[in-house]
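The whole structure should be built from the sequences, with the hints applied where relevant.
The listed protein sequences correspond, in order, to chains V and F. Take 1 as the starting number for the first sequence in full-length UniProt numbering and just add one per residue. Take 1 as the starting number for the second sequence in full-length UniProt numbering and just add one per residue.
Treat the hints as calculated values from the structure; they're not laboratory data. Hints are not guaranteed to be accurate.
Calculated Cβ distances over 10 Å to all of chain V for the following chain F residues [claimed, not checked]: (1) Ala-13; (2) Lys-77; (3) Asn-172; (4) Ser-219.
Below 30 Å or equal to it, Euclidean Cα-Cα: the simulated DSS-like pairs (lysine-lysine) are [what the hints assert, rightly or not]: (5) Lys-190/V - Lys-84/F; (6) Lys-137/V - Lys-160/V; (7) Lys-108/F - Lys-187/V; (8) Lys-84/V - Lys-187/F; (9) Lys-204/V - Lys-198/F; (10) Lys-198/F - Lys-108/F; (11) Lys-204/V - Lys-187/F; (12) Lys-108/F - Lys-300/V; (13) Lys-258/V - Lys-300/F; (14) Lys-42/V - Lys-250/V; (15) Lys-187/F - Lys-278/V; (16) Lys-108/V - Lys-248/V; (17) Lys-84/F - Lys-204/V; (18) Lys-300/V - Lys-293/F; (19) Lys-141/F - Lys-300/V; (20) Lys-300/V - Lys-198/F; (21) Lys-258/F - Lys-300/V; (22) Lys-300/F - Lys-190/V; (23) Lys-165/V - Lys-248/V; (24) Lys-204/F - Lys-258/V.
Facing chain V, a subset of chain F residues (Cβ under 7 Å, in silico) [unchecked claim]: (25) Leu-185; (26) Gly-205; (27) His-207; (28) Ile-288; (29) Phe-301; (30) Ile-303.
Quick caveat: nothing in here was measured; it's all calculated off a predicted structure. Ideal Cβ positions, reconstructed from N, Cα and C, are used throughout, including at glycine.
Number of protein chains: 2
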Amino acid sequence: MSLVIVGTVAFDAIETPFGKTDKIVGGAATFAGLSASYLYDKVKLVSVIGEDFGNNMEILTDRGIDVEGVEVIPGGKSFFWSGKYHNDMNSRDTLITELNVLADFDPKVPASYQDCEFLLLGNLTPQVQQSTLDRLKNTPKLVVLDTMNFWMDVALDDLKSVLKKVDVLTINDAEARQLAEEYSLVKAAKIIQEMGPKYLIIKKGEHGALLFGDGQVFSAPALPLADVFDPTGAGDAFAGGFIGYLAKVKSVNFNNMKNAVIYGSALASFCVEEFGTKRLQNLTQEDISLRLKQFIALAKFEISE
Amino acid sequence: MSLVIVGTVAFDAIETPFGKTDKIVGGAATFAGLSASYLYDKVKLVSVIGEDFGNNMEILTDRGIDVEGVEVIPGGKSFFWSGKYHNDMNSRDTLITELNVLADFDPKVPASYQDCEFLLLGNLTPQVQQSTLDRLKNTPKLVVLDTMNFWMDVALDDLKSVLKKVDVLTINDAEARQLAEEYSLVKAAKIIQEMGPKYLIIKKGEHGALLFGDGQVFSAPALPLADVFDPTGAGDAFAGGFIGYLAKVKSVNFNNMKNAVIYGSALASFCVEEFGTKRLQNLTQEDISLRLKQFIALAKFEISE
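In structure tokens form, the structure reads like this:
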């Protein structure tokens with residue numbers, strides 16, 4: 001029984017209105033893995049890094065994350081992304097993308113990962129997402145796929161192909177509209193569910209998230225924050241918290257998925273409080289418990305007629 | 001004991017991706033009054049119309065709304081607004097604004113309105129909002145003010161002056177940022193609360209609403225709708241439902257305000273289902289009760305730790 005996450009483990013350089021970083025550790029699998037590690041103790045990553053990653057792997061192993069499936073390419077350079085956020089923090093410009101070892105990434109799934117019951121196909125090329133799924137001998141109990149508009153632009157057929165094998169898709173509202181070619185999110189959700197995923201989560205950043213499935217809809221709030229320091233990785237932290245919670249409770253149904261969305265939102269709300277992975281490296285169970293109480297207070301009302 | 005609403009009673013001509021209307025009845029006080037009339041039975045309007053309004057007043061009186069304070073200017077023409085919504089339904093262009101009788105509007109508060117306990121200063125010039133407040137002999141139990149960016153652009157000092165006398169302000173997120181000159185909504189809320197209103201409601205359209213006050217925050221979802229037919233009046237219907245609920249329950253506290261936000265959201269969700277006032281003219285208590293159940297299902301989750 002384990003939770004396997006495939007995605008990037010990488011370096012980022014980030015500029016926001018609050019400051020600027022040199023190369024720091026980032027990557028979809030990094031954020032998702034750290035986030036999931038607070039909810040479930042058998043988190044296993046599949047990724048690729050260069051020799052330049054050095055002892056940064058400790059950020060993951062310190063949280064008990066299994067990195068046997070993270071291939072280190074001798075002499076290689078790790079994937080590097082650099083971006084600058086605009087003042088509204090909702091839009092950003094990519095300054096640099098160096099694929100490096102990611103260009104030829106052929107995901108390795110170690111024998112010890114074949115106990116995978118929960119699989120997160122983190123944001124990455126759909127081909128690599130597909131290969132990872134193919135290399136698992138047993139169909140996982142739950143497959144969650146996170147992606148972004150870039151893959152819709154350059155690899156739509158591959159994305160649609162892997163979507164057929166997926167239980168839950170997480171994308172943002174603009175991406176849902178793009179994928180479905182439909183403006184109404186309610187109609188877009190129906191169209192996307194016909195592509196494969198029984199459940200669709202639409203991430204709306206500061207506006208929260210919508211979960212569609214089983215003929216129901218759930219609207220999760222986002223915690224209003226005085227400062228959003230760095231949004232990088234928030235979507236990955238959300239996905240990691242979401243699947244981490246389901247791996248913990250083991251039972252996949254709409255009510256548990258609603259809770260999973262709240263856990264994902266709570267972990268994402270920590271992620272943006274500091275640059276990079278900083279806040280996600282040192283959470284306590286008490287931090288998480290207090291944050292969940294804030295979410296409960298935020299959304300609760302009692303109407304008696 | 002009554003709920004007094006000041007605002008426009010007017011004609012609109014609307015174009016959306018779903019169709020186009022000739023002159024139909026609109027106006028902030030119209031939408032707010034209709035909405036409130038489903039929750040409270042002593043709704044009284046203050047407004048001004050031209051002789052051309054004719055028997056359209058029946059739309060209001062059929063719902064039991066008191067129109068003694070709606071002045072009819074002999075030979076005058078009613079305020080007319082025409083607008084066209086873009087495909088996303090979140091932005092619109094104003095095509096025509098004819099102030100007509102609104103240009104010289106001096107609000108009349110009939111003696112029979114002096115029992116006002118709940119006052120909604122609907123979207124209108126801040127001077128008229130102020131005059132209406134001044135002409136009430138007793139300070140109402142609750143004063144709610146709705147406004148928009150236009151008045152921040154052309155009458156900011158007047159707006160700030162009336163805000164000092166107001167308990168609740170309802171504006172959208174862009175307007176909150178403009179008024180506070182601060183991007184973070186959490187910080188903007190604090191700044192606006194220092195201008196006068198103890199409570200601030202930030203209306204986010206399809207993303208729901210935030211209520212700030214008493215050191216707490218509440219996030220209300222918006223109902224995801226397959227089709228938004230015509231957004232005109234949704235903000236007014238929200239404000240009317242909000243204050244109508246509080247007038248009904250009479251007790252003003254944060255828990256009741258949370259419920260009031262949900263009632264306002266429910267009424268607004270009906271408003272957008274048809275052009276103009278059409279849907280708000282013929283609701284049943286069962287329609288409203290079913291809609292509230294949808295809101296409850298939409299937002300409810302149960303986390304047990």
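So, going through the hints one by one against the coordinates:
With a least CB separation of 23 Å from chain V, Ala-13/F remains clear of the 10 Å interface cut-off, as annotated. The claim that Lys-77/F is not at the interface with chain V holds, since no C-beta of that chain comes within 10 Å of its own (minimum 36 Å). Distance to chain V confirms Asn-172/F as a non-interface residue, since its nearest Cβ pair spans about 13 Å, more than 10 Å. The Cβ of Ser-219/F does not lie farther than 10 Å from every Cβ of chain V; its closest approach is about 4 Å, which violates its non-interface assignment.
Distance check on the hinted pair: Lys-190/V and Lys-84/F sit about 28 Å apart at the alpha-carbon level, within 30 Å; holds. As the CA atoms of Lys-137/V and Lys-160/V are separated by approximately 22 Å, the hinted pair is consistent with the 30 Å bound. A distance of roughly 47 Å separates the Cα atoms of Lys-108/F and Lys-187/V; the hinted pair therefore is violated under the 30 Å criterion. Note on Lys-84/V and Lys-187/F: the hinted pairing holds, with a Cα-Cα distance of about 23 Å set against a maximum of 30 Å.
Restraint check for Lys-204/V and Lys-198/F: the C-alpha separation of about 28 Å stays at or below 30 Å, so the hint holds. This hinted pair checks out: Lys-198/F and Lys-108/F have alpha carbons roughly 28 Å apart, not beyond 30 Å. A hinted pair counts as satisfied when its Cα atoms are at most 30 Å apart, and Lys-204/V with Lys-187/F qualifies at roughly 20 Å. Of the pairs offered as hints, the one joining Lys-108/F and Lys-300/V is violated, with about 41 Å between alpha carbons and a cut-off of 30 Å exceeded.
For the suggested pair Lys-258/V and Lys-300/F, the alpha carbons sit about 9 Å apart, so the restraint of at most 30 Å is met. Between Lys-42/V and Lys-250/V, the direct Cα distance comes to roughly 13 Å. Compliance with the 30 Å bound is thereby established for this hinted pair. Under the criterion of a C-alpha separation no larger than 30 Å, the hint pairing Lys-187/F with Lys-278/V is consistent with the structure, at around 24 Å. Restraint check for Lys-108/V and Lys-248/V: satisfied, since their Cα atoms lie roughly 25 Å apart, inside the 30 Å limit.
Straight-line distance between C-alpha atoms of Lys-84/F and Lys-204/V comes to about 26 Å, which keeps the hinted pair within the 30 Å bound. Note on Lys-300/V and Lys-293/F: the hinted pairing holds, with a Cα-Cα distance of about 14 Å set against a maximum of 30 Å. Proposed proximity of Lys-141/F and Lys-300/V is supported: the alpha carbons are some 26 Å apart, at most 30 Å. Of the pairs offered as hints, the one joining Lys-300/V and Lys-198/F holds, with about 21 Å between alpha carbons and a cut-off of 30 Å not exceeded.
A C-alpha spacing of about 9 Å is found between Lys-258/F and Lys-300/V, which places the hinted pair at or below 30 Å, so the restraint holds. Taken as a hint, the Lys-300/F and Lys-190/V pair is honoured in the structure, with Cα atoms around 22 Å apart against an allowance of 30 Å. With a C-alpha separation of about 22 Å, the suggested pairing of Lys-165/V with Lys-248/V holds against the 30 Å cut-off. This hinted pair checks out: Lys-204/F and Lys-258/V have alpha carbons roughly 22 Å apart, not beyond 30 Å.
With a cut of 7 Å, the hint placing Leu-185/F at the interface with chain V holds, because the nearest CB-to-CB distance is about 6 Å. Annotation: interface hint on Gly-205/F violated; nearest CB of chain V at approximately 10 Å, more than 7 Å. For His-207/F, the shortest C-beta to C-beta distance to chain V is roughly 4 Å, which falls under 7 Å, so the interface hint holds. Taking 7 Å as the C-beta cut-off, the interface hint given for Ile-288/F is violated, the closest approach to chain V being about 9 Å.
Hint status for Phe-301/F relative to chain V: holds, with the closest Cβ pair at about 4 Å, below 7 Å. Interface restraint check for Ile-303/F: the shortest CB-CB distance to chain V comes to about 5 Å, inside 7 Å, so the restraint holds.
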